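Peer 1: Sequence:
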Amino acid sequence: MSDNKRIKTALVSVFYKDGLEEILSLLNSNGVKFISTGGTRSFIEGLGYECAAVEDLTGYPSILGGRVKTLHPKVFGGILNRRDNEGDRAQIAQYDIPEIDLVIVDLYPFSATVASGASEADIIEKIDIGGISLIRGAAKNYNDVVIVASKAQYAPLAEMLRRNGAESSLEERRWFAGQAFAVSSGYDTDICNYFASTSVDSPIAECKELRIAFDDAKTMRYGENPHQKGTFYGDFDGMFEQLHGKDISYNNLLDIDAAVTLVSEFSEPTFAVLKHNNACGLATRPTIAEAWKEALAGDPVSAFGGVLITNGTVDAEAAEEINKIFFEVIIAPAYTPEALEVLKQKKNRIILVQKSPLGTTRQFRSCLNGALVQDRDLKVETTEDLQQVTEKAVTPGQASDLLFANKIVKNSKSNAIVLAKGGMLLASGVGQTSRVDALRQAIEKARSFGHDLNGAVMASDAFFPFPDCVEIAGQAGITAVIHPGGSIRDNESVAYCNEHDMAMVITGFRHFKH
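430 is the number that our numbering gives to position 430 of the sequence shown; each next residue is one higher, with no gaps.
The hints are simulated quantities; they were obtained by calculation from the structure and are not laboratory data.
In this text, all values refer to a predicted model and were calculated from it rather than measured experimentally.
Glycine residues also receive a C-beta, built at the ideal position from the N, C-alpha and C atoms.
Heads up, a few of these hints could be off.
[As the list claims (entries may be wrong)] Here are the simulated DSSO-like cross-link-like pairs (lysine-lysine), alpha carbons at most 27 Å apart as the crow flies: (1) LYS74 x LYS5; (2) LYS151 x LYS140; (3) LYS355 x LYS344; (4) LYS246 x LYS218; (5) LYS346 x LYS293; (6) LYS346 x LYS218; (7) LYS8 x LYS229; (8) LYS293 x LYS275; (9) LYS275 x LYS392; (10) LYS275 x LYS344; (11) LYS293 x LYS140; (12) LYS229 x LYS5; (13) LYS344 x LYS293; (14) LYS344 x LYS218; (15) LYS246 x LYS355.
[As the list claims (entries may be wrong)] Simulated restraints, written as ranges between beta carbons of each label pair: (16) THR287 x THR361: 20 to 26 Å; (17) LYS347 x ALA316: 15 to 21 Å; (18) ASP188 x PHE232: 18 to 24 Å; (19) LEU254 x ILE127: 35 to 41 Å; (20) TYR233 x ILE472: 41 to 47 Å.
Work out the full structure: start from the sequences and follow the hints.
Peer 2: This is the structure in structure tokens:
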């Protein structure tokens, strides 16, 4: 016995009308009758199709300023009745309830209203009641009813109607039901998060729930390794435009996230190279081309296969230099046509335009059988945050380099040490279990590329528990240090700096990153 069901009557009630015309044409050509409300009914009749009013079906007008239109047994009975249930059929006949086989509905734009800065009264009015009820009712009865819960499902609906006429299979109805519950779940998540975010002054405002909803699943080639599956959920295309290259991988996305976060700290023309979420080269210079050359000079070995990012337009001069090495991804706010012609010479090279900054204020991470949530580290130190603790004060040039290095160490895996001079990353030691090891790694790497550490500065993402790090740094020629302070032995590090003509500032802000 076929599980196909014919669509004879459709209830259509949508906020947005774009894309609806083709659907209505396909339904009308297959003899489907329409029931609708208000503006949607006027839209349907404006296309020349007959359309019954919900008010005529229910015997009640739209009331309470439009808050109650479809909430009636004659509507929900028509949707929820089980066609193969004898008792349901008898009651449908008894109360003269027409069967509704297709529901096309969308929801009031709650999130868009919040984002617009509207008043709370306007926001609350955009909490949809009838629409969400129609979605749940029709999705629950997917055995008999097709539910289309947003215009995102218009394309698959149109394809089904062109292929089958006004018929649907059980498999198709079940798929639409799943999509409908994804819509309702995401909608309620947005509402839940709105109330959580606006109740901070309440004595009972501690948030006990975590609700996250992302659409637009993007399947990765694989996860971190080929034997792992990977999927990205979110609006990647809203933030980036990919101009060229192969599909983006899971690991590419992690590096892109780290790169965007790092470069967002800098306002001067800056270029950075990242590997495994850490900067291996970074420089600020008057031009993007100069910044690229100095960033690459920091560690030309690690730059191979890296992710490149800049906060300025890539021109032909910069592109010619960049094109000399192999890299996976380049990110910039813009490229000149001549630069793109050069960069597109490698077919797999991923070229991204960053259209907008990071908009998130929280970070999420799976942990045990749950999730960890924290505020993003948005603290960017300025000269006002620098507390002088040594007899020797930092010069303006040293202060600039210390703040520069501190931005990089903030975005490096702990334990981390960064060495910098003249707006250029000389070397860093990252992801070490010992801060001494991180420093020694940085010094060895800087020297291996011929960088002169005399007059360089050092940044640490946490305090020095012993004076050994400043001793090693001083012996290497480093003249100024920045760290959060807070160790019970801070005075020992300060004493060493005083004895050896080094300057030290503390900020009070740790920047651990795991």
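Peer 1: Taking the hints in turn, state whether each one holds.
Peer 2: Outcome of the hint check:
Only pairs whose Cα atoms come within 27 Å are accepted, and LYS74 paired with LYS5 is accepted, the gap being roughly 21 Å. Annotation: proposed proximity of LYS151 to LYS140 holds, straight-line Cα distance about 20 Å (limit 27 Å). Restraint check: the Cα-Cα separation between LYS355 and LYS344 comes to about 20 Å, which is no more than 27 Å; the hinted pair holds. At most 27 Å may separate the alpha-carbon atoms for a hinted pair to count; LYS246 and LYS218 meet this at roughly 14 Å.
Annotation: proposed proximity of LYS346 to LYS293 holds, straight-line Cα distance about 20 Å (limit 27 Å). A threshold of 27 Å between alpha carbons decides the hint, and for LYS346 with LYS218 the separation of about 24 Å falls inside it, so the pair holds. Pair hint LYS8 plus LYS229 does not hold up; C-alpha atoms about 42 Å apart against a cutoff of 27 Å. Our distance criterion of 27 Å between C-alpha atoms is met by LYS293 and LYS275, whose separation comes to about 17 Å.
Proximity of LYS275 to LYS392 is assessed by CA-CA distance (about 36 Å); at most 27 Å being required, the pair is judged violated. With a C-alpha separation of about 22 Å, the suggested pair LYS275 and LYS344 falls inside the 27 Å cut-off, and the hint holds. About 61 Å separates the Cα atoms of LYS293 and LYS140, which puts this hinted pair outside 27 Å; it is violated. Proposed proximity of LYS229 and LYS5 is contradicted: the alpha carbons are some 36 Å apart, above 27 Å.
A distance of roughly 20 Å separates the Cα atoms of LYS344 and LYS293; the hinted pair therefore holds under the 27 Å criterion. Taking the CA atoms of LYS344 and LYS218, the gap is near 24 Å; set against the 27 Å cutoff, the hint holds. For a cut-off of 27 Å, the pair hint linking LYS246 to LYS355 stands: about 19 Å separates their Cα positions. The supplied range of 20 to 26 Å is broken by THR287 and THR361, whose beta-carbon atoms lie about 33 Å from each other.
For the hinted restraint 15 to 21 Å between LYS347 and ALA316, the CB-CB distance of approximately 20 Å keeps it satisfied. In this structure, ASP188 and PHE232 meet the distance hint of 18 to 24 Å, their C-beta atoms being roughly 23 Å apart. For LEU254 and ILE127, the Cβ-Cβ distance of about 36 Å falls inside the hinted range of 35 to 41 Å, so the restraint holds. Remark: the range hint 41 to 47 Å for TYR233 to ILE472 is upheld by a beta-carbon distance near 45 Å.
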